[in-house]
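Chemist: Respectively, the protein sequence lines represent chains A and B.
Quick note on UniProt numbering: the first sequence kicks off at 1 and runs consecutively.
Quick note on UniProt numbering: the second sequence kicks off at 1 and runs consecutively.
No wet-lab data here; the hints were simulated from the structure.
A couple of the hints might just be wrong.
What the hints assert, rightly or not - Computed from the model, here is a short list of chain A residues facing chain B with C-beta under 7 Å:
id	residue
1	Ala42
2	Tyr43
3	Gly62
4	Val87
5	Ser91
For every residue, glycine included, the Cβ atom is placed at its ideal position computed from N, Cα and C.
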Amino acid sequence: MSAEPIESRFRALQAAIEQWPYAALIGMQPLLHDEGLQFRLAYREELIGNPALPAIHGGVLGGFMELSAQAQILWEADCQLAALPRVVDFSIDYLRPGRPEDVMGDCRVWRQGQRVANIAVAAWQGDPDRIIATARGHFLMPEAEAGAVGAR
Amino acid sequence: MAQDVKTADMLQMAREFFQLLPHGRLLGIEVRQADAERVQTRLAYRDDLVGDPQGGHLHGGVITTLIDQTSGSAVLCRLGRLEAVATLDLRVDHLARARPGQAVVAEAECYRVTPNICFARCTVFPEGERARPVAASMSSFMRTGQVPGFVEGSR
Chain A
1 MSAEPIESRF RALQAAIEQW PYAALIGMQP LLHDEGLQFR LAYREELIGN PALPAIHGGV
61 LGGFMELSAQ AQILWEADCQ LAALPRVVDF SIDYLRPGRP EDVMGDCRVW RQGQRVANIA
121 VAAWQGDPDR IIATARGHFL MPEAEAGAVG AR
Chain B
1 MAQDVKTADM LQMAREFFQL LPHGRLLGIE VRQADAERVQ TRLAYRDDLV GDPQGGHLHG
61 GVITTLIDQT SGSAVLCRLG RLEAVATLDL RVDHLARARP GQAVVAEAEC YRVTPNICFA
121 RCTVFPEGER ARPVAASMSS FMRTGQVPGF VEGSR
């Protein structure tokens, strides 16, 4: 755990995410709760993939979960990474269609090593027990070094 | 197969289908080729699709969306009719990264159809560099039967 107060660590994370153009494009943002970090994908019409249902595009759900995983890795590293963790592989299971409303994401880091991190993400809407998609992936860790991505 | 849509109409069907997907439109995914054998799409580079501001590479989620939409379309074209399909799972291996500024091309084929499930694979490469793929994907789709009004007025 960081010696830094959790609020300033969270501000560093927000500042880092604000510099990720794709996160801004789809509207992904971090939230800090007592239980820890969560992520939100704010709903807008441009996220729809299937207008007949309507349902959120599976690709953007995957993109949101991948961004969440990267942000979670950065958070676990006290927002001190020289660059973004780089995706190696990402595997998504779709359980239910995404309704036209906000999506929440919870991440679990199973292992964060020197070179590779393994992380799982669950996405849900409304009820955290009603998961709409899960994902797991591997990310290459950048060299740990203060300053570049977060904590400015 | 292809009992409802002739091969010559498939490119047109795919293009109209893509126009109906708001998120595909937001990213700017275009269809280049579509028939029962394969679907090829293209995504132009744009600054707001970037994941890492230092490197300027497209975000993996952008590649995932391109793959999901291209693979789903390959399934539709293989089925030869406007049947709604839902992605069950999709795995992407990120083999390399396209250079900043470079457009990417996705090519997908549906290689197995069963009554309930269709299987697809997809490769993404930088435009003009087929020998240097940036991503490879396997995915499966659930068939949901024909949905009236799924693509209204498209045929």
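Chemist: Compare the structure with each hint and give your call.
Modeler: Against the structure, the hints come out as follows:
no.	hint	in the structure
1	Ala42	violated, 14 Å
2	Tyr43	violated, 12 Å
3	Gly62	holds, 4 Å
4	Val87	holds, 4 Å
5	Ser91	holds, 4 Å
In this structure, the hints that do not hold are numbers 1 and 2, in rising order.
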